[in-house]
Each structure stands twice: as C-alpha cells, then as structure tokens.
Amino acid sequence: MKVILKQDIKGVGKKDQIINAADGYARNYLFPKNLAVPADTGNMNNLKAKNESVAFRKGVDFKEAQEIAEKMKKITVKIPVKAGDNGKLFGGVTAKEIAETLKKDFNIDVDKKKVLLTETIKVAGCTKVDIKLNEGVMATVQVMVVPK
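FYI, in the numbering used here the residues of the sequence shown are 123 to 270.
Possibly wrong hints are sitting among the right ones.
[Unchecked claim] Heads up, simulated DSS-like pairs for lysine-lysine below, C-alpha to C-alpha not over 27 angstroms straight-line:
#1 Lys210 - Lys226
#2 Lys234 - Lys270
#3 Lys185 - Lys250
#4 Lys235 - Lys195
#5 Lys128 - Lys170
#6 Lys132 - Lys170
#7 Lys185 - Lys172
[Claimed, not checked] Pairwise CB distance ranges (calculated):
#8 Asn208 - Cys248: 16 to 24 angstroms
#9 Lys124 - Thr198: 51 to 59 angstroms
#10 Asn165 - Glu241: 18 to 26 angstroms
#11 Lys218 - Lys195: 35 to 43 angstroms
#12 Tyr147 - Lys195: 51 to 59 angstroms
#13 Thr163 - Thr198: 19 to 27 angstroms
#14 Lys172 - Asn208: 58 to 66 angstroms
#15 Asn165 - Thr198: 48 to 56 angstroms
#16 Asn156 - Thr249: 47 to 55 angstroms
#17 Asp233 - Ala171: 28 to 36 angstroms
For the record, the hints were derived by calculation from the structure and aren't laboratory data. Ideal Cβ placement from N, Cα and C applies to all residues, glycine included.
Build out the structure end to end from the sequences listed, making use of the hints.
Quick look at the structure:
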C-alpha cells in the first residue's frame, strides 16, 4: 500500500515521502498514530501543491537574500569599543554585536549564528566578515572597529 508520511519515522522514511508499506503496518500502526495518510489522488494533489508552495517560497527567499547581499557589499559597520593606549581592545567584538549593529544602523535583520566569525575581533581596524544569508548566498561586510 502506498502511503505519504506525515513526519520522519526512523528506518521507514522522511516527512512527505511516498513509501510502499505493508497493508497491516499501514492500517494498524501508521494510520491510527496519524503518522501517514493513504497516497490517493486527493492526498497526492495536496502534497504536490505543498511542494510547489515550498519551492516558490524558497525562490522568493533566495532572491531577497541576493538583494540584501548586494546591499551589504557597500556597507561598513562601525563599532566603537573601549581600548587601551596601545590599541588593544578591552574584550572583543562578537558576532552578536555585529548582528545588533546591522539591525540598529541599517535595518538588516541577521541572526547572530549566521555571522561567520572564527573568533572575536580583538584589534582595532577593518575586518571583512562573512554572513550566510540563505542557502547558497553569502555576503561580506566590512567591520570597522573604532576605539572610543
């Protein structure tokens, strides 16, 4: 019996996957626990519409991410930080601070986990920082650390 899985099932398949399941397994386990639905024409059409919707949304998100990446090429993020006499910073500039400054100054909302810093910036000056905006879309931003 062909069924459409409603969620991931270990050893069986992933969500929205169409599988061949034994009749008894489908009727006695998958259907009562609401883990799958029969792969009839109505459910197949619903799955197709859902997949098309997801694909369209991914395309729109991808285009938006590319536009933001183009904007970010021209941006220089200035972050004032306390520093000692020799130019060494007290503490450092983290991904969280970069994300907050982008939101506050340029109204670009970026998750701090998407800011790719290997370690905190501990010296004053310009640094290029990569930001992952979407799957396959990377942006590079100039971060200028200015001592107060």
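We went through each hint and held it up to the structure:
Only pairs whose Cα atoms come within 27 angstroms are accepted, and lysine 210 paired with lysine 226 is accepted, the gap being roughly 26 angstroms. Restraint check for lysine 234 and lysine 270: the C-alpha separation of about 24 angstroms stays at or below 27 angstroms, so the hint holds. Our distance criterion of 27 angstroms between C-alpha atoms is met by lysine 185 and lysine 250, whose separation comes to about 23 angstroms. Straight-line distance between C-alpha atoms of lysine 235 and lysine 195 comes to about 19 angstroms, which keeps the hinted pair within the 27 angstroms bound.
Between lysine 128 and lysine 170 the alpha-carbon distance is near 14 angstroms, which keeps this suggested pair within the 27 angstroms criterion. Proximity of lysine 132 to lysine 170 is assessed by CA-CA distance (about 24 angstroms); at most 27 angstroms being required, the pair is judged to hold. The straight-line distance between the Cα atoms of lysine 185 and lysine 172 is roughly 20 angstroms, inside the 27 angstroms bound, and the hint therefore holds. Between asparagine 208 and cysteine 248, the C-beta spacing of about 18 angstroms keeps the proposed range 16 to 24 angstroms intact.
Distance hint check for lysine 124 and threonine 198: the Cβ-Cβ separation is about 56 angstroms, which falls inside the suggested range of 51 to 59 angstroms. In this structure the supplied range 18 to 26 angstroms is violated for asparagine 165 paired with glutamate 241, their Cβ-Cβ distance being about 50 angstroms. Remark: the range hint 35 to 43 angstroms for lysine 218 to lysine 195 is contradicted by a beta-carbon distance near 22 angstroms. For the pair tyrosine 147 and lysine 195, the supplied restraint of 51 to 59 angstroms holds, since their beta-carbon distance comes to about 54 angstroms.
One distance hint, 19 to 27 angstroms for the beta-carbon pair threonine 163 and threonine 198, is violated here, with the actual separation near 56 angstroms. Checked against the given bound of 58 to 66 angstroms, the beta carbons of lysine 172 and asparagine 208, roughly 59 angstroms apart, stay inside it. A hinted range of 48 to 56 angstroms for the beta carbons of asparagine 165 and threonine 198 is consistent with their spacing of about 52 angstroms. Our hint of 47 to 55 angstroms for asparagine 156 and threonine 249 holds, since their Cβ atoms are close to 51 angstroms apart.
In this structure, aspartate 233 and alanine 171 meet the distance hint of 28 to 36 angstroms, their C-beta atoms being roughly 30 angstroms apart.
In summary, the structure is inconsistent with hints 10, 11 and 13 from the numbered list given earlier, while agreeing with the others.
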